[in-house]
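There are 2 protein chains.
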Amino acid sequence: MQRTDIAKLGEFGLIKHLTEHIELKNKSSKCGVGDDCAVLQYEADKQTLVTTDLLMEGIHFDLTYVPLEHLGYKAAITNFSDVYAMNGRPKQLLVSVALSKRFCVEDLEDLYSGLRLACDTHGVDLVGGDTSASMTGLTLSITCIGEANAEDIVYRNGAKETDLICVSGDLGAAYMGLQLLEREKAVFNQQKQEELQNGKNPETKDMDIVQPDFSGKEYLLERQLKPEARVDIIKALAEAGVKPTSMMDISDGLSSELLHICTQSNVGCRIYEEHLPLDYQTAVMAEELNMNVTTCALNGGEDYELLFTVNISDYEKVSEMKDVRLIGHITKKDLGCAIICRDGSEFELKAQGWNAINE
Amino acid sequence: MQRTDIAKLGEFGLIKHLTEHIELKNKSSKCGVGDDCAVLQYEADKQTLVTTDLLMEGIHFDLTYVPLEHLGYKAAITNFSDVYAMNGRPKQLLVSVALSKRFCVEDLEDLYSGLRLACDTHGVDLVGGDTSASMTGLTLSITCIGEANAEDIVYRNGAKETDLICVSGDLGAAYMGLQLLEREKAVFNQQKQEELQNGKNPETKDMDIVQPDFSGKEYLLERQLKPEARVDIIKALAEAGVKPTSMMDISDGLSSELLHICTQSNVGCRIYEEHLPLDYQTAVMAEELNMNVTTCALNGGEDYELLFTVNISDYEKVSEMKDVRLIGHITKKDLGCAIICRDGSEFELKAQGWNAINE
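The listed protein sequences derive, respectively, from chains U and H. In the working numbering, each number is its position in the first sequence, counted from 1, plus 126. In the working numbering, each number is its position in the second sequence, counted from 1, plus 126.
Errors might be hidden in some of the hints.
Identical chains share a label here; the pair holds if one copy fits it or two copies do between them.
[Said to hold, decoys possible] Derived DSS-like pairs: lysine-lysine, alpha-carbon spacing no greater than 30 Å straight-line:
hint	residue 1	residue 2
1	Lys343	Lys227
2	Lys369	Lys153
3	Lys458	Lys443
4	Lys156	Lys286
5	Lys156	Lys361
6	Lys311	Lys227
7	Lys318	Lys153
8	Lys286	Lys142
9	Lys227	Lys458
10	Lys156	Lys458
11	Lys134	Lys153
12	Lys448	Lys343
13	Lys343	Lys318
14	Lys286	Lys153
15	Lys142	Lys369
Honestly, the hints are just simulated from the structure, not real lab data.
Chain U with its partners taken away, still in its complex shape:
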């Protein structure tokens, strides 16, 4: 594979190389890459939504098994997901990248091809960003801007007693995909170690390392490496004339997100273990790893499914929607937040959330 040194292009050359073929698709994108700021103009009846994410190598992604194209795709998609979770539509993306000496121009091309694919699929314009060096590793910062009619925006704080709690897709698969990749990475590293001890030379590639067999687990890998933002659900809700009373996307796990909604809406909730949507592969993998699949569904992050509440009068409409499951209901605040298990026992929901820092 060709490896072009980034210094060969320089900062301005690099930005030009990565962005010169970008055509702005949205009327609201007035001016993109190439000035001190991007310039946008939304119509008078629209509000602007802004979300940002910072992704650090070694914390949020592992390039041992995440191809750069997938990283770019996922980074964009997870930001679009935040905009959809407000019932908005993503329109513009700004991307900043900092990278150490081990990366070359072709690496950045891969990253940008993933970003572009996500943008093209969701009708989003890449309008700006920043590139820089880093002492170690790759850092990616993404800012997404979207729009919505003021009256359509769904916040976290609108859930009311007797509202129904809904979830799109299925839960826990992205987390199982991560476990699978981590397990195979450990196996790979061990085999490599053994081959080195046997005097094999990694340079000449005469190592006898067994490639992992992921057959039957493709769905888990796809959920982890190439998640999708549920614009289809947002469109289906609009078509059915259902405006959720509250909504979030599930990035830190169902428990954590549901607790956010309940805290901000000043309510409690009951969800039912038997109604949690699970894929067959998730259940098999959890069994294989000796993990409780319900725990994976509650606390496994990165599913990017939508969690939302609707008024009970929307019951029929929602129960007919494809790929949406009713998992429980909102209660008075004093009743707390709990899950009812298959055997009828009740457990308080706990936020596992984000624990990566300072562990």
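On the provided structure of chain U, position chain H as indicated by the hints.
Chain H alone, transformed into the frame defined by chain U:
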């Protein structure tokens, strides 16, 4: 000094701790921290400006001599400067921070107090962001959103033949400040090394290290550590009824920025060495370091002054403006971009720009 472990608060606790006292000042800030997105609404006749910066420890800042409060202040100011450079007004800021285990809650409080000071001074609302762990060092990503009337926005590509080239403030001082800090850091490290060799113990603080004497050089330090965004110039231009034909802020050095304007405007330029605005301390420091002060003014970055061009009919208005200097004029493209030195010799302007990557 107290040092509170970040793990004690957790992600959500930390965000709450840093953002709970924020009050939104601008009518356009509809919803700040605490949902999937911030929600903004600009008036119908306004356009939205967006700029983003990624700041990496060891590349963009050195915490040996940059206090975290100053880092926060400077990070916000440099983004405001990009919005002013489009003739806009900054209104909202999003801040993402990734930090390694060596940082504590109080460090983040310092960083945020600098960010808040900058926001308060410029009437900007802190509306969102992200916090995360990092494998090493501190990473800061800033996104600033601003507004302008469509007809007021000044791009880089509007400079015309015979336009006058203007610069605010003075040039090269921030770069001299950096050289000074780097020199004193080297002296400090050498003294520390010698004391260690003499058997002194750094733990008991019995080391005999001479504190650097910066007297007479305060202006250089201030320019490096606490730069200001030139909103005063933007206001003065508006009051004088002058709309620049092109404008940028000087972050990468005058040469580099002027070449951007000339390339994008498809013109050439002549600037005059004798008209470059220099502070006395900059000249003294350049002499002390045996550097050419004109080179420092042309290529030293981080001044965050405004570089702009105006129609020749605005000559009188601009020449009466406080803290604005005419440094040259725009020419036909074929004449290229050059500086005329005091002795009448002419040199082509070169973009030094950003060379940090992969060096």
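Inset, instruction - Check each numbered hint against the structure and report the violated ones by number, ascending. - result: Of the numbered hints, 1, 7, 9 and 11 do not hold.
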